[in-house]
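Given these sequences and hints, build the entire structure.
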Amino acid sequence: MKKIISLIFLLTFILFFLTGCYDAISLEKYHYAIALGIDTSDSTKLKLIVQIASSNNSSDSSSSQSTNTEIFSVDCDSINLGLNIINNYLSKKINLSHCSAIIYSEEFAKKGIKDTINALANNPEIRPNCHILISNSKALDILENISNSGEQFSSRYYDFVINSVESTGYSFQSEFSQFFYAINNDSEIPIANYINLNKEAVQSVGIALFKNAKFEYYLDSLNSLAHLIVSNRLKETVISIPNPIDTSSNIDITLKSGKSKTTNKIKILNGKPFISTNVSLTGKITNMPYFIDNENLALIEKNLNFYLKDIIENYYYTIIKKYNLDLNNFSKMLSSQYLTTTSFNKLNWDQLYKDSFYNVSVISKLYTSLYTKK
Amino acid sequence: MNNKISGIEAFFIMCMFSINTIILNAPKLIIENNQTGAFINSIYIGIIALIFLIIMNKLLNYFPNFDILDIANFLGGKIFKIFIGFLFILIFSIIICTFIAQFIILLKTVYFKDSPILFILMFFILCILFSNLNGFISIKNSICFYFPISIITLSFIFINNISNFTFIKVTPVFGQSFYNTFIQGFSNIFVFTNLILILFLPPFCNNSKSLKKATIFSLIFSCILLTLTIGILLSIYPFDNSISNFNPLYSLTRRIELSQFIERADALFVTIALFSCFSYIGFLAYLITQTIKKIFILENEKILIYSITPYIIGFTFLLINTNTYNKSDIYKNLFNITIYIISPLILFISALKKKLM
Amino acid sequence: MNLKQFLIKTFSYTKSNNNNFFLPKNPNNIINLPTSTMVSTEIKKNLNHLKIKYNSLINSDIVFRNFIININNTNLKAFLIFIDGMVNTESINDSILKPLLLKNSIQMIEKNHSSRKLNSFNLKKFIYKKLIPQNSISTEKDFDIIYKKINSGYAVLFIDTINIAFCIETKQIKGRTNSKPQNETIVRGAQEAFVENIRINTGLIRKTINNENLIIENLSIGKITNTSVAICYMANLTNDDLIAEVKYRIQNLKIDSLISSGELEQLITDNKTIYPEIIATERNDRTCNYLLAGKIAIIVNGTPYALIVPAVFTDFLSSPEDFNLNHYYGNFMRIIRGIAFFFSIFLPGFYIAITTYHQELIPSELLFAIAGAREGIPFPIIFEIILMEISFDLIREAGIRVPSPFGQTIGIIGALVLGDAAVSANIVSPILIIIVAFTGICNFAIPDFSLSFSLRILRFAYIFLGYAAGLLGIATGFFIHFSYLLTLTSFGISYFTPHIPFSVFSKNIYYNLKPIWKREYRNEYLNTKNPLSEEHISMKWKKNN
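Protein chains in written order, with the numbering used here: chain A, 136 to 509; chain B, 51 to 407; chain C, 1156 to 1700.
Wrong hints could be hidden among the right ones.
What the hints assert, rightly or not - Computed far set for chain C versus chain A, every beta-carbon distance over 12 angstroms:
id	residue
1	T1192
2	N1486
3	L1502
4	R1529
5	P1558
6	S1584
7	F1619
8	I1664
To be verified - With a straight-line cut-off of 27 angstroms between C-alpha atoms, the simulated BS3-like cross-links for lysine-lysine are:
id	chain 1	residue 1	chain 2	residue 2
9	C	K1199	C	K1304
10	B	K163	A	K228
11	A	K249	B	K344
12	A	K228	B	K219
Claimed, not checked - According to the in silico footprint, chain C covers these stretches of chain B (three or more CB under 8 angstroms from chain C):
id	segment
13	146-158
14	317-325
15	350-359
To be clear, the hints were calculated from the coordinates, so they are not data collected in a lab.
Just so you know, even glycine gets a beta-carbon here, dropped at the ideal spot from N, CA and C.
This is how it looks when you write it as structure tokens:
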């Protein structure tokens, strides 16, 4: 009798386990989205575009890696509704856990993107390091032309963002989680990549700035470079300065951040904020095939320092006086000198920021390259 | 069966309590109350808890190898012992059930979107059941095994996120105002739930001196861990009242990126968090059975686990369906009153009674 | 109090007096050994001396042959001592006993000898030169040398009124012709294994250990078969209560027959579980290592496997070669085996959990490749895995029983069936073949046969759990599994000693080996009579220079 009871118990136990596997969906039963695009639409609030990796069957080709993509677009009122509609006419469910980029068109971003970002953040599938891109043209054009970037595998289509940040310094590596926190926080400015379509090839051209969750301004390449230098994120860049020795030619210099990092200090002087920035960089001359002696090297360094100081001061003028955006979080730096937030709030930083004045000093050190000896 | 534990095992058990509260929601509750002042606040409550612990240790010297139920028996007889026993059973069951409820909701939101809650709950219940049926030695040894693993994974999570660390975000150091940090923040001491253990562990330890040393070291350790976690969380996430992050430590694990091929490894960290969770709730269920055994003077407490598990299932469902697992206000005051007011009172009066006798 | 004492006081693991190991520490157990070291003229004293020394009442293979020699019309008592299994019995019969016993009376006086020679007669010389026709004899007076001779296979003759002993060489250590170990092969080490005959096995052990404190007790089990079982231990090392417990368990078995050591292993374990709790080895050097560490070896007549008790978990993951080699090589191989253990039990479960529940863990390129490969496969992933695992086990079983002409064919058919054909026919995906094959290789890398068998069974449980609830199911399974393992004991010692609970100050030998000159102590959990196995500085030649 005891055996029969224990057997019945065991059976119900096992059946309970096997009936609970609602979530056991094998990985080939999903369509994996590589990128999402959001455009304006005539009839509804937005137009959702999904780029899906299509896999090759192993019997056709030698490798089963995904080299093609398919694009689906739908007009809808919100992102979740749009995904629902797309799931309606696909054979498999869409999975966003390998989505590497979210592309907004400039038109749509000017209207405000807070709702879409919040909807995406609540989806547990989205990766926190997904890129946010704002494009000059329509998102649909970008998604259709991304395969011309020379990359064979679809999972690496959007790696050009990382590459451009690391080698050119004209852009900034945006992350979804940072963007989400910044857009919901009044004291931080959300920033994203600004891309455009140039003769069927996608390139990254600057940084997009948001104010009140709407796309307002963008920083061009020199200003983006200055932003990276000031916020200590520069990896490598190439600039061209006029040659002080031979005024008809230019010198190309590859710049990297130096030993001591960029330091920013802020304090209140005569009721106005005073920002001082000290930059230290190292560089290599890359187009002079003859030997440069110390005096001339010092001249070139001086020229470089002036050039960079000019760029950074221009950048400060743009963000402080023209755009009035606290990109480098100077308010947080200033509040560290106060003990409580209530005492800091008495300052009224929002009004003070416009009147800030600044001082920039640049120190650079140049090294020799491969062929600069006689 | 021999149920004695040594000093270092008591240290591991008490630290396991603090790790589990940190994994789940303790930093988030403190930061929501005090924002940037949470860093100083955690040091402040650590010092207060330490002073309290030293006083309790001195009072417990009068009753070697007695736990709180024996002291209550000495003070007020059987009825008082029963009352105190049921109070602590209520506290233990609230701790277990809120812990399980929050974990279940996390798992259901991220991984098991379609599964019923009972299905996920069954795994936790099975672990409680089997670890208790295997006896005290297996519970104690499994805590000693999983504790170093949890510490290593926590430090791994912190080290990986160190590139996003900016100390400026922790400032202004004293938070909104001094009143908010120190006076209103005083009630945050409910976070140190491992102080319950000094009331229950004495009969298990053969050497009371080593137990006292273990309690002091474990409190220092948990204070350091809490401060470190709060510091790191504050410096990475801007805590604003408009967003409420469900579990900040889990969000940290989502951001770990190793050389571009391990990108969202949060499932692995959740697995390791599950190990420490299972050993923690198994031990708490064991304490419940011990308390019942002492109240009703039973001989063998192993079989009681069969009747406690349906109770835990029911209580967890109650908390989930009424959506109260997230509200700390309900049990905050209960913990503070029981641990910091009632138990020292009992000890103090019993010590006086013993002196006068 | 200095810093070290403070740390020891605060963090040390104090052994509890009343823990699971119910064999308490040994009191000083001193046996009153005879103090004289020279042979005496009284034969009774010599006989008693040897009987006490060799524990002849319990030692079963020490033979004392008493007889009477008639020399010069006087009957002199004599006895012969030798170890059964190590001597050539034919040569003892022909060269010692026959000449001494079959002649009715040995006339020492030959004709034509003058009376002067009679008076200066020397009995010792006579026996040495005339009576015993064996090729190699020596005479000894010192008992220490006599012990060494007996332990090496000599037969020693004692005669009344003579204060010397005759050591006669009769060595014959029998060995099997193909005595290589079949299942425990190592690269560098002795290639000698046990055989079915119990006396040969005990002779091998005696030959290696070469010490008089080795005790080999004989017991018999089974009403019908009366199988003889030998319990081997070192009397000056092993814990007395452990010996008593082993003998108690073996002597209290009421069964009809006992054919193999596998049956005995199942009858005397503590817990009836899937995990092995007793080591079974067929190597002589491994057995002797364990005996010198303080463990007990049980040999059953008819099986070439010796059982070693007690056993802990890390013993099953260590190979006999670890102690032979440099500790760097040994530690490296132990790490590899640990990895093999982990993969052998968890890899299929992790694969199925990650592909059904946690797809975000896989890197994007690999994910698209797997999804593309699985496009045309009609079966769900759980069915595929079960099918492949069962096929793998079938091929393994078939490989054991296949007659040798077909041995090669089975390997080829197995590879073809499992590999190419199944993939081309869209029954399984290629990555699954890799996973199953890798798991099988890891299973073969585990040295102990019983442990690898238990892992083959437990793997299926993890596959089902992984399918049911992903990593939550696997975590639950591992937690319950591990908490069950912590309750196992092997003759009173917890299964994970000394790693759980871990203590920095204990003197146990852990999984990662120290260099040989640092292994000064025997394992603490065995509570041996002599915990020190090496001096603090064992390489005196280095210190002297």
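Hint numbers contradicted by this structure
Going through the list in order, the structure violates hints 4, 6, 7, 11, 12, 13, 15 and respects the others.
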